[in-house]
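One letter stands for each residue in the lines below.
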Amino acid sequence: MSAVGTAGLIRVEARRFRARAAVRWLALLAVVAALVVVTTVFVSARPPSERAIADAEQQYAFAQEDWAENGEQYVEDCRDGEALERETNPDADWGCDDMEPRPELYLPVQPTLADSGPAWLSGATTFLMLLAFAAGVTSVTAEIGSGSLGTWLTFVPRRGRVYASKVAVAALGVLPPTALALALTVGGSWAAATVNDAVGELTTAWWADLGWQALRALAAAAVLGAVGAALGFLARSAAGALGIGIGWLLLVDGVLTGFLPQLTPWTVRASLTAWLDDGYLYWVQVPCGPVDGVPQVGICSAERTVSMLHGGVLLAVVATVLVALGALVFRRRDVD
Amino acid sequence: MTELPPAGTTAVSTRGLRKTYRHRGRQVVAVGGLDLDVPLGGVHGFLGPNGAGKTTTIRMLLGLIRPDSGVVRVLDRPVPQELPEVVGRVGAIVESPKFFPAFSGRRNLELLAAAIGTPPARVDRVLADVGLADRASSPFRTYSLGMKQRLAIASTLLKDPDLVIFDEPTNGLDPAGIHEVRQTMRGLAAAGKTVLVSSHILAEVEQVADTVSIVTQGRLVASGRVADLLAAAGAGEARVGVERPDEAAVLLAARGWAVRPDGAGGLLVGGAAPADITRALADAGLYLHELAPGRADLEQVFLALTGTGAQGTAAAHQGRPAPHGRRARA
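Residue numbers (the UniProt record's numbering), protein chains in the order written: chain A, 1 to 336; chain B, 1 to 330.
Derived by calculation from the structure, the hints in this document are not laboratory data. We treat Cβ as the ideally placed atom computed from N, Cα and C, and that holds for glycine. The reader is advised that the hints may include incorrect statements.
[To be verified] Counterexamples of contact, computed for chain B against chain A with all Cβ distances above 10 Å:
id, residue
1, Leu-40
2, Arg-59
3, Arg-66
4, Pro-84
5, Val-90
6, Ala-92
7, Lys-98
8, Asn-108
9, Ala-115
10, Gly-117
11, Ser-138
12, Ser-155
13, Glu-180
14, Ile-201
15, Asp-262
16, Glu-290
[Unchecked claim] Rough simulated footprint, nothing fancy, chain B against chain A, three-plus residues with beta-carbon under 8 Å:
id, stretch
17, 124-136
18, 142-155
[Stated by the list, open to error] Label-pair ranges, simulated between beta-carbon atoms:
id, chain 1, residue 1, chain 2, residue 2, range
19, B, Tyr-21, A, Ala-208, 54 to 60 Å
20, B, Gly-8, A, Val-329, 35 to 41 Å
21, A, Ser-44, B, His-23, 38 to 44 Å
22, A, Arg-24, B, His-23, 38 to 44 Å
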């Protein structure tokens with residue numbers, strides 16, 4: 001008998017991971033999530049019905065009549081409001097020269113794959129991240145809960161290797177189902193858009209951006225799988241680990257951004273969204289700046305962005321700390 | 001703290017092994033400076049009442065629990081420092097068998113076998129050895145307690161170990177299952193393995209163990225060959241059948257011997273050799289119709305040493321407190 005190395009241990013751990021019923025259920029849920037998104041795309045990308053078009057034309061006719069009667073007043077009111085805002089926001093542009101009703105503003109919009117593809121993919125991604133995290137958590141807590149981790153350690157007592165193999169497999173193991181779900185979402189959305197003649201112009205750059213978005217989602221899934229496993233080692237129960245993870249996102253991040261929006265870039269939720277969606281917009285309250293050299297009194301809203309790179313770095317730091325903490329605790333903790 | 005015995009003489013040795021827990025803000029000593037020696041070969045019983053620290057000790061031998069202090073040596077290797085080098089020669093079942101509930105017995109063993117580089121073919125062989133071949137594909141959670149125990153034994157056999165540790169192996173088993181486990185332990189010992197079996201069921205250990213260690217409250221109170229411990233405990237009470245037992249009781253008690261009725265018209269006499277009893281009664285014209293010399297069993301030794309149960313209490317009342325410290329050594 002000879003003990004296998006870390007690579008061998010990862011292979012054994014991967015066999016166990018694949019064979020787990022909970023992992024299969026989570027993978028199935030990932031596929032279901034992709035199909036739900038595809039179905040939504042199919043429904044929303046359908047060309048507008050004749051009834052909807054007739055309603056829109058009627059609304060457009062009403063708007064034209066109204067414009068003929070009140071258009072000048074509308075433009076005047078608009079310019080007054082714009083001028084007022086420019087006292088605090090010199091860049092304010094209300095588009096007062098472009099207010100005349102146009103038919104395309106009233107006809108139902110048919111989203112195209114070219115315009116909405118990234119948003120459709122993003123719709124599936126959030127749920128896939130949750131599944132990846134849950135898969136990482138349960139892969140460890142099920143073993144701890146059943147006591148089989150103790151049996152495992154009587155065969156493989158090198159805890160560093162055991163920990164590394166379990167975290168690595170939690171990270172790698174979530175990739176196939178996540179990749180499958182992402183591929184289903186993209187492929188299904190393309191098919192749904194094609195059937196509805198709503199593809200639009202798909203350039204090479206568009207495909208490249210979508211590919212990067214999918215790759216970032218895969219990387220995030222791997223990180224969340226590893227973090228889930230680490231939290232599983234720390235909390236030792238699925239409820240505890242899921243509670244810590246989801247509770248942090250909802251409560252700590254939520255409260256933090258609610259009371260101190262300027263801390264948004266340092267929250268996990270904003271960072272994750274920034275990483276997945278190539279940036280995250282948020283607003284903060286700031287003192288109004290001077291206009292034409294004249295100091296202003298009051299509080300103004302200002303738009304800020306969490307960059308994708310910032311989000312990725314923060315996620316990497318949090319994940320590294322949690323995985324290292326999990327390793328430290330597991331090496332020293334007594335096992336039942 | 002005494003020195004460790006020379007290498008190659010024991011399968012397991014501990015010196016000053018100590019483990020404490022915090023429980024409700026209080027420090028609880030689970031194992032308090034245990035000096036344990038398990039000789040190489042044969043079956044060694046590790047006895048103690050519930051809560052004596054047996055399972056905690058076994059967990060420390062296997063590296064599952066980190067001792068607060070003390071030295072552990074398993075198959076001549078310091079543990080936990082060199083546990084990875086020796087774990088392949090140690091099979092263990094700690095408390096109840098614990099495997100992945102949804103996986104079949106075979107899949108559980110295949111994963112363990114793969115983790116230690118054991119050829120997959122050995123899985124079917126050990127499953128057959130423990131009589132689980134027919135149910136190998138069933139989920140572990142559907143197994144009876146006896147089947148779970150057999151699967152655990154099969155898992156230890158994957159390694160072909162030199163030391164096999166059983167922690168309370170017959171808990172919850174029916175008589176047939178107990179017999180099977182006992183046979184397995186004797187079979188392993190006969191094959192040259194060392195078997196360490198912890199239990200609080202003394203009859204079970206007395207039937208299979210060559211040597212025993214008795215612990216209570218996390219400390220060793222006796223250790224040695226079973227026969228030596230029984231001899232050291234001395235003769236038990238002799239059963240005496242005699243005419244006019246009331247008169248005989250007064251006579252024997254006057255000699256300073258412990259006398260009590262046996263509940264069946266006879267007497268139980270302690271502290272006296274059979275020949276002395278015969279002579280004393282005959283001199284008084286009281287003639288025996290039964291004299292059965294008492295024989296101490298492991299339970300009596302255990303109860304006296306651990307101070308548990310009715311006899312332990314009686315011993316204390318009689319001014320014979322349960323001794324602490326080693327009585328006899330193999």
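Structure-based check of each hint:
no.: 1; hint: Leu-40; result: holds, 20 Å
no.: 2; hint: Arg-59; result: violated, 7 Å
no.: 3; hint: Arg-66; result: violated, 6 Å
no.: 4; hint: Pro-84; result: violated, 5 Å
no.: 5; hint: Val-90; result: violated, 8 Å
no.: 6; hint: Ala-92; result: violated, 5 Å
no.: 7; hint: Lys-98; result: violated, 3 Å
no.: 8; hint: Asn-108; result: violated, 8 Å
no.: 9; hint: Ala-115; result: violated, 5 Å
no.: 10; hint: Gly-117; result: violated, 4 Å
no.: 11; hint: Ser-138; result: holds, 15 Å
no.: 12; hint: Ser-155; result: violated, 7 Å
no.: 13; hint: Glu-180; result: holds, 20 Å
no.: 14; hint: Ile-201; result: holds, 22 Å
no.: 15; hint: Asp-262; result: holds, 47 Å
no.: 16; hint: Glu-290; result: holds, 53 Å
no.: 17; hint: 124-136; result: violated (count 0)
no.: 18; hint: 142-155; result: holds (count 11)
no.: 19; hint: Tyr-21/B x Ala-208/A: 54 to 60 Å; result: holds, 58 Å
no.: 20; hint: Gly-8/B x Val-329/A: 35 to 41 Å; result: holds, 38 Å
no.: 21; hint: Ser-44/A x His-23/B: 38 to 44 Å; result: violated, 59 Å
no.: 22; hint: Arg-24/A x His-23/B: 38 to 44 Å; result: holds, 40 Å
Hints 2, 3, 4, 5, 6, 7, 8, 9, 10, 12, 17, 21 from the list above are not met by this structure, while the remaining hints are.
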